[in-house]
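Q: Take a look at the letters that make up each chain.
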Amino acid sequence: MSVDYVLFGGLALVTILSALGMLFSRNAVYSALYLIFNFSTIAVLYLMLSAPFIALAQITVYAGAIMVLFLFVIMLLGAEQRGQAVRTWWMQPLALGLAGILIFEAIYLIFTHRTSFPPLRQAVGDLGNPLQIGEQLFSNYLLAFEAVALLLLVAVIGAIFLSRGRKLR
Amino acid sequence: MDWASLAEWTLKSFALIFALLGGFAYLTLFERKLIARFQVRIGPNRAGPFGLLQPVADGIKLIFKEELIPAQADKIIFILAPIITVVPALVIMAVVPFGPPIQLFGRTISLQIIDLNVGVLYIMAIASVSVYGIVLAGWSSNNKYATLGGIRSSAQMISYELALGLAFTGPVLLTSSLSLAEIVEAQRHIWFVLYQPVGAFIFWISTLAEVNRAPFDMPEAEQELTAGYHTEYSGMKFALFFMAEYIKMIAVSAIAVTLFFGGYRGPFVDQVPLLGPIYFLLKVVGFLFLMVWVRATLPRIRYDRLMAFGWKVLFSLALGNAMLTALGVLLADMFQNSLWLWSIPVTTIAFFLLVAYLMRGSIAGGNR
Amino acid sequence: MVPIYYYIALSAVLFALGALGVLIRRNAIIIFMAIELMLNAANLALVAFARLHGELSGQVFVFFVMAVAAAEVAVGLALIVKIFETKQSIDIDQLNLMKG
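Chains A, B and C supply the protein sequences, listed in that same order.
When we follow the numbering used here, the leftmost residue of the first sequence carries the number 18, and every step to the right adds one.
When we follow the numbering used here, the leftmost residue of the second sequence carries the number 6, and every step to the right adds one.
When we follow the numbering used here, the leftmost residue of the third sequence carries the number -14, and every step to the right adds one.
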């Protein structure tokens, strides 16, 4: 029982610290690395929530594809050190204050209302089995699946259109 | 938590890691000897009988070499990058079964570290993470050739990952499971390479690109990049990159054997389970021989040709292969007759020839 | 098993941190990464609720969110590269051409 708590506490700490590291790194490459770290720990949390398929998809898609694109763009633009100046001095303290209030409120509400959560369903023997997810995808969510496929196609065409060289025009 | 099974896991993990490290050491010797034979030389033969102690000598040399860290390098990432490269290479084999379950000390021990029901996805996830070591090594060296080499090789790996992922779908569709143990079990009677000749071919080519082996060893193109992402590395840090490449060679050979060549399956494995790992090892060595042979034979491809090949030829082939495989499986399912599965090799080979005919000028020569 | 509301609380904290990132950073790429962090926080909540109800729909939603995030990143980064080409900067305070 307590092993779970220790594991969760450690992972939560790592997630939050790496998110903070992402926000406050001066170098954009470090920000990206912190975010990769954050995504990987969230994948471990998915494993703890008995969602192995989603956990591995998280690593493949976020850590393996999306963040590599971010790193490419940062390295190719040489944008590591840019964008430090903030023109309005009150912006950062205000944002920090607002975020603090938001975090406090969220945690307060969730912990005061924790009894109104429905009880945990235990009948989850094989929750997150890729077979079942596949069945769901191709039956109940077929329309959404096709829509996402179309969206990805449009995104591919859009990205190619935006990044084509000048000589092709 | 059961302590015996914990101990079993730990022992199996250590055994796998030591096997991979020893395999790496002797794979370098194997490659040097073999390339020497291809070039009608003798190869290393001074250290020990037949040069068998050569890896030890190399290791000692590398340990005593001076390690340089460039003054303008990003030190933390520069030191971390080789480690980030090696770790995925070591852990990717965790889901590959080496043999059937054996009886030992009254326990049934499966010769596989863990049988995930998402094993194939695990391989994809680890393969996609292994890009980072290379791109970070290039960037942190603060050297433009290293950065270019790093970005080149990671772009190459990402591009070929698409074809690789689609090649995985063939065995997965035929087995209707993502677990590697079940994929091996489904090949009890027939190896999937017979149903999936084109899939195995695509898998083989894209793994060559994935592990940066010749003829796709772009990041190490000395003429253009002065050795690419590891230009600034020396001593043990360089050895770690070297190690990652060779361990990945072993790993992808093992995965190819598992997916398409029956894994540990072979005659009499059911009667004598210990034959399983032996068959497995023999098949893996066969694949490693092929890899060295390819390196000894083919010249390096130019970078734009490599990307064009990956995206225009290999990717379209892999898409067609996945679709035709799904069609064959569907037909076999509809008519309840597994003979329909033989339509897959027929249609995919026809498709392969069609694509090869259409693309005949665009890769080998001429302008795109 | 850790109670599910711990996961929901963690997800709320991560979401707030992502929102904070959007507010305090001026670098367009960092802002984009903060948005990804917020999407991940939402995903964590969805998977946690899927576990709570013992049902798969939450996980299927997460799958869709990932696909949409991938599409968004492909187009968004292409836009950022274009903006950099024309303005030589990705500081979003510099992007004030629309100001009347």
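To be clear, the hints were calculated from the coordinates, so they are not data collected in a lab.
Everything numeric in this text was worked out from a predicted model, so none of it was measured.
Heads up, the beta-carbon is just placed ideally off N, CA and C, and yes, glycines get one too.
Please note that the accuracy of each hint is not assured.
Keeping only pairs whose Cα atoms sit at most 20 Å apart, straight-line, the calculated SDA-like set for lysine to any residue is [stated by the list, open to error]:
no., chain 1, residue 1, chain 2, residue 2
1, C, K72, A, L179
2, B, K317, A, L169
3, B, K149, A, A172
4, C, K67, A, S19
5, B, K66, B, I107
6, C, K67, A, A172
7, C, K67, A, M65
8, B, K38, B, I22
9, B, K317, B, K149
Now the stretches of chain B that chain A is said to cover, found in silico as 3 or more residues with beta-carbon under 8 Å [claimed, not checked]:
no., stretch
10, 136 to 142
11, 243 to 253
12, 327 to 340
Q: So, for every hint listed, does it hold in this structure?
A: Going through the hints against the structure:
For the hint pairing K72/C with L179/A, the CA-to-CA distance comes to about 16 Å; that is within 20 Å, so the pair holds. With a CA separation close to 18 Å, the supplied pair K317/B and L169/A stays within the 20 Å bound. With a C-alpha separation of about 31 Å, the suggested pairing of K149/B with A172/A is violated against the 20 Å cut-off. A threshold of 20 Å between alpha carbons decides the hint, and for K67/C with S19/A the separation of about 51 Å lies outside it, so the pair is violated.
For the given pair, K66/B sits about 40 Å from I107/B by alpha-carbon distance, which is inconsistent with the 20 Å threshold. Simply put, K67/C and A172/A have alpha-carbon atoms about 16 Å apart, close enough for the 20 Å limit, and the pair holds. A C-alpha spacing of about 41 Å is found between K67/C and M65/A, which places the hinted pair above 20 Å, so the restraint is violated. A C-alpha spacing of about 24 Å is found between K38/B and I22/B, which places the hinted pair above 20 Å, so the restraint is violated.
For the suggested pair K317/B and K149/B, the alpha carbons sit about 29 Å apart, so the restraint of at most 20 Å is broken. Look at the stretch 136 to 142 of chain B against chain A: 4 of its residues bring a Cβ nearer than 8 Å to a Cβ of that chain, three or more, so the hint holds. Residues of the stretch 243 to 253 of chain B with a Cβ under 8 Å from some Cβ of chain A number 0, which does not satisfy the need for three, so the listed coverage is violated. Residues of the stretch 327 to 340 of chain B lying with their CB closer than 8 Å to a CB of chain A number 0, which falls below the three-residue condition for coverage.
When held up to the earlier numbered hints, the structure conflicts with 3, 4, 5, 7, 8, 9, 11 and 12 and fits the remainder.
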